[in-house]
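J.: Following the hints, complete the assembly by docking chains B and C onto the known chain A.
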Amino acid sequence: MELQLDSPIAKPGLRRRTRWYFWGLLFLIPEIVIFFIFLWVPIAKGVAYSFYNVDFVSGNSFVGLQNYSEVLSNPDFYTAIKNTLVYMGLALLIGFWVPIAMAIAVSELKWFQGPARIVGYLPSIIPAIVLYGMWQWFYDPVGPINTFLNFIGLESFDFYSKEHAVFSLIILETWQNFGSATLIYIAGLAAIPRDLYEASELDGAGVWARIRYVTLPSLKNLILLLLVLQVIATSQAFQSQLLMFGGGPDNATLTYLLLTTREAFTYFNFGKASAMGVIMFVVLVLFSILTIKIRKGGEEA
Amino acid sequence: MKSAQERAIMSRYDFRKSGVKVVYAFMVACIVLISLSMLYPFVNTFLNSLKSTQEFFAFPAPFFPSKFLWGNYKESLTYLNIGLHFKNTILIFAGNTFFSLTFLGLAAFSLSHLRVPIKKWITLYFLSTLLIPAASYLIPNFLNLKDLGLLNSYWAYWLPAGANAFYLLLLKNFFDGIHKELFESARIDGASEFRCFLGIAVPLSAPILITLVLLGFSTTWNDFYWSSLVMQEDKLPLAGAIYTKIIYPGSTINWNVRFAILSMTLLPPLALFLFFQKYIISGLSLGAVKG
Amino acid sequence: MKMKKSLLISMLVFVIVLAGCASGNKNGDNSPGSASPSASSPVESSSTPEATPSPAIAEPVSIIAYAFPADKTEENATLNAKIKRFEDKNPNVTITPKYWKYENTEIAIKMASNSAQTEFTTWATEANLLSGKKWIIDLTENLANWPYAKDLNEFALAPFVIEGKTYGIPIDAYGMTITINKKLFEQKGVPLPPLDWTWDELIEAAKAVNDPAKGIAGFIPMGKGTEAGWNWTNFLYAAGGEVQTVADGKVTATFNSESGLKALQFYKDLKDANVIPKNWALGYGDALTLFNQGRGAMVMCGSGNALDGAINQGGINKDDVLLYPIPSMTKGGKHTGVAGGNYKVINGLATKEQQKAAFDFVVDEYFTDAYLDSIDAQITSQKAKNQVYVPQLINYWNDSSDYGKKYEEILAKHDNVYQYSPDLSKLMESKPEATYETQAYYGEMANAIQKVFTSKGDLDLQKILDDTAAKLQKSSFDKVKIE
Chain A
59 MELQLDSPIA KPGLRRRTRW YFWGLLFLIP EIVIFFIFLW VPIAKGVAYS FYNVDFVSGN
119 SFVGLQNYSE VLSNPDFYTA IKNTLVYMGL ALLIGFWVPI AMAIAVSELK WFQGPARIVG
179 YLPSIIPAIV LYGMWQWFYD PVGPINTFLN FIGLESFDFY SKEHAVFSLI ILETWQNFGS
239 ATLIYIAGLA AIPRDLYEAS ELDGAGVWAR IRYVTLPSLK NLILLLLVLQ VIATSQAFQS
299 QLLMFGGGPD NATLTYLLLT TREAFTYFNF GKASAMGVIM FVVLVLFSIL TIKIRKGGEE
359 A
Chain B
33 MKSAQERAIM SRYDFRKSGV KVVYAFMVAC IVLISLSMLY PFVNTFLNSL KSTQEFFAFP
93 APFFPSKFLW GNYKESLTYL NIGLHFKNTI LIFAGNTFFS LTFLGLAAFS LSHLRVPIKK
153 WITLYFLSTL LIPAASYLIP NFLNLKDLGL LNSYWAYWLP AGANAFYLLL LKNFFDGIHK
213 ELFESARIDG ASEFRCFLGI AVPLSAPILI TLVLLGFSTT WNDFYWSSLV MQEDKLPLAG
273 AIYTKIIYPG STINWNVRFA ILSMTLLPPL ALFLFFQKYI ISGLSLGAVK G
Chain C
708 MKMKKSLLIS MLVFVIVLAG CASGNKNGDN SPGSASPSAS SPVESSSTPE ATPSPAIAEP
768 VSIIAYAFPA DKTEENATLN AKIKRFEDKN PNVTITPKYW KYENTEIAIK MASNSAQTEF
828 TTWATEANLL SGKKWIIDLT ENLANWPYAK DLNEFALAPF VIEGKTYGIP IDAYGMTITI
888 NKKLFEQKGV PLPPLDWTWD ELIEAAKAVN DPAKGIAGFI PMGKGTEAGW NWTNFLYAAG
948 GEVQTVADGK VTATFNSESG LKALQFYKDL KDANVIPKNW ALGYGDALTL FNQGRGAMVM
1008 CGSGNALDGA INQGGINKDD VLLYPIPSMT KGGKHTGVAG GNYKVINGLA TKEQQKAAFD
1068 FVVDEYFTDA YLDSIDAQIT SQKAKNQVYV PQLINYWNDS SDYGKKYEEI LAKHDNVYQY
1128 SPDLSKLMES KPEATYETQA YYGEMANAIQ KVFTSKGDLD LQKILDDTAA KLQKSSFDKV
1188 KIE
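Residue numbers (my numbering), protein chains in the order written: chain A, 59 to 359; chain B, 33 to 323; chain C, 708 to 1190.
Honestly, the hints are just simulated from the structure, not real lab data. Fair warning: there could be bad hints in the mix.
[What the hints assert, rightly or not] Computed list of lysine to any residue pairs in SDA-like fashion (alpha-carbon distance at most 20 Å, straight line):
id : chain 1 : residue 1 : chain 2 : residue 2
1  : C       : K921      : B       : E87
2  : A       : K168      : B       : K310
3  : C       : K1025     : B       : E265
4  : A       : K354      : B       : L159
5  : C       : K914      : C       : D976
6  : A       : K278      : B       : G209
7  : C       : K779      : B       : E265
8  : C       : K921      : A       : V200
9  : A       : K140      : A       : K220
10 : B       : K53       : A       : A159
11 : C       : K1163     : A       : P199
12 : A       : K351      : B       : I154
13 : C       : K840      : C       : S822
14 : B       : K178      : C       : K805
15 : C       : K1188     : A       : I203
16 : C       : K872      : C       : N852
17 : C       : K985      : B       : P92
18 : C       : K789      : C       : S1088
19 : C       : K1090     : B       : K53
Owing to the predicted nature of the structure, the values given are computational and were not obtained by experimental measurement.
Looking at chain A on its own, in the form it has when it is part of the complex (with noise of 0.2 Å):
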């Protein structure tokens, strides 16, 4: 969210300030309509839940802050902060730079660069159900994995304890997710200019120093968004915990936005849902402020 300040060279007259003016927010009304209808409204009428019994047949009563304290009071939450940000660390450790990396070494490619672009892309079109099939399949004590362990002579892996369903839902994600990211990638390097290379390569830089100097520091602001987007992505993350382990063993995998979900379409407690969605937001929100802070703060040191 870097935004240029900077005054104009010279000063422009105001006819064609306004006319600057008028072409930007010409450009931003359809988007700026288009967010209110389509996402401030409901999110708005969403806030309003959170302060209300929902009751579609009754009518909704105002509760106050009940919601809230029915949330907090609830021992789940913190289990379930506590599982989602331990997710959101071992995603970005293990799942981050694999697109980094895939993005750059598809690129590198002699032979069937053209299809290795996608191929990381594929599990995004393959219907759930198949999908999920199979990794229980691949975790499974008899299945391809273990079986492969036990010939080379290793311990069975139980994927399914307590101690190993978060890692083993990573790797799923990983596998099911770093295509996308891999394919925002390659658009980021295909806009490098070649000459770079063809220039730190005549002052003598090796392959790694290219990656190293030219490469990554072209894709900085990709890789910093990129960042953020998964790691608001991760912290909304519920799907395959859902449909792989139901949360479980012992609300080992309950993260957040389950929890929330849980509540709206298990127990049918919409006021509590919202209120989970507002909390989350807020927090969000308080936690992005100070990371731009921390980033300009750093900046000027």
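T.: This is chains B and C only, laid out in the frame that chain A set:
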């Protein structure tokens, strides 16, 4: 395009070093392994669709069917008018792509290169929507579409498709990378801002635009839950139709037949991806100019 | 300066949220408000029966009926014929069939937008939830005016009778059973356990057919999602336990009783004997798939459901599967399992006239030959598909009634009807689910079960149960208001 193939990070000279060769071979091996794991579910789904019911559930499961039962495909077509629902999906996808990329593109371009008052607040207005999980306002969202009278209409997809802060952010990021001088000189030549957008920003950002088209396609292609709620019967896109008519909980359609339908639905996106992938780097030759 | 900026940012977000809030409040009040006059409110029960007009002066009413998925052509044809007959008799009523299959992940949106059918089919598990939310109406009065109400099978009706009011009309019902893959027993040369079996005999049988190296488990309990708690409750019931007691308008958790401890100990024994799949994360569908694959010898499910799936979709021969009651805790004890079934309910958001028309439509052909004919046609059509018709163990009528006999005659006509062992229904006893906060109980119990399935070594089972009960008591049971 041709020059792009000639070199990337590595040049021909690098391959003379044995260390590089080893790492390169390892890298290729990794890509091959990953590719195999990605292709496995496709092949498996296809082969399962040709098995008999007994074989489908046999354990340990045979990889290949003992006999290829193409009749499963014939039977599967009696349950679903694939053509109709496929057409619906394409309609939704086309409209989504048009609306989201046009309006988001204009907005991102404006935030990136045009003078806008209170730019910071407007950016925040868009981006803060990322921070509230969609699941927590799912019901208000649905009621909102209902109040607007958009249920069972393609507009229920096309218009909200533009409300995507994720795409906006990506587009803005790529537009930010285009040098301001390009637009300045165009403006001096008398080009309008709209021409700057269409004639300079869009072609230079072709890779990300194509990437977003692909991302948008798989989102539309997979969306069964929302579409099965918003659309009815003949207007359902393929994913929604398959969910409500074929693999709904309690379905009594045989599994091999269900997989026959699923196999067929894997082909169009595969073809589309293969077709579009080469354009992901098509902005390259133009992009090189600005360096 | 920086400080100010970020403060401003957060202020703005707050203002936007507040502004949205203000408009949201208005809407939030309006939309349900406009629906409530037409909906069933507490006033409804006091409305006078005389108010129901005779058909002669009836206003036109249009209702939406619950259609079947497109692949069930036979069922849809039957429904259309039924609609036509009803419309001929009641010219003021227009009925449109619409397909939406009841799904607990979708019902909320359907109710919020008032787009569910006027009458729909649901299952026994949903009774408390739907009636508690007033999404379905109290049918006590309608039933009082329906001559056949007394002929309904009391047992089938039970799950939908809540605090003396009836909320649903049974289609069919079942008690939970254990489905056995006979072939796995034969392959290992293990004799089948007696039908009047006990918990110990189940474990012994499971140990004998168990083969972890080949990925075959002796017994497949569901362990993921609310179905885990649902499965376990069978053993709670068989041990004579109760989920909750209701006294003085207060709900108290009682599943941490001695019976509960025995039932959980049984699960621990299963785990220690290593006869359950290592993958504990099995939902309903996962468990049945494993069973169909022959990767488990026994699975727990609503009477014929696992069997039906195994024969008609799972490719298992109908002679290779058997049904057993839930085993008794000790020899000679009761084989009590959880009751379930399919029910017709009436949408709480429809107008009173629509609700009445929908009720009349639903029961229109109950206890008539037309209903039996439709079953006959369904069996015939399954025969054409090479499938076996698996009847439900319990129907809305009493088996001993004349109507029940006619039904038996129809089943006897066909050779593709699954035959239950006659001793089975004698042994089986079924008990409805808990009345209050059942899903929350199942969900919490699922955690306790997962603790047992995934922990190594000794566990303080009583403490697990007590903790679960205390948590549930505080978060759910204490909040129940009984009228």
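J.: Against each hint, give a clear statement of whether it holds in the structure.
T.: Status of each hint after checking the structure:
no.: 1; hint: C/K921 <-> B/E87; in the structure: holds (17 Å)
no.: 2; hint: A/K168 <-> B/K310; in the structure: holds (14 Å)
no.: 3; hint: C/K1025 <-> B/E265; in the structure: violated (35 Å)
no.: 4; hint: A/K354 <-> B/L159; in the structure: holds (19 Å)
no.: 5; hint: C/K914 <-> C/D976; in the structure: holds (11 Å)
no.: 6; hint: A/K278 <-> B/G209; in the structure: holds (11 Å)
no.: 7; hint: C/K779 <-> B/E265; in the structure: holds (15 Å)
no.: 8; hint: C/K921 <-> A/V200; in the structure: holds (7 Å)
no.: 9; hint: A/K140 <-> A/K220; in the structure: holds (15 Å)
no.: 10; hint: B/K53 <-> A/A159; in the structure: holds (17 Å)
no.: 11; hint: C/K1163 <-> A/P199; in the structure: holds (17 Å)
no.: 12; hint: A/K351 <-> B/I154; in the structure: holds (19 Å)
no.: 13; hint: C/K840 <-> C/S822; in the structure: holds (16 Å)
no.: 14; hint: B/K178 <-> C/K805; in the structure: holds (18 Å)
no.: 15; hint: C/K1188 <-> A/I203; in the structure: violated (51 Å)
no.: 16; hint: C/K872 <-> C/N852; in the structure: holds (15 Å)
no.: 17; hint: C/K985 <-> B/P92; in the structure: holds (17 Å)
no.: 18; hint: C/K789 <-> C/S1088; in the structure: holds (18 Å)
no.: 19; hint: C/K1090 <-> B/K53; in the structure: violated (65 Å)
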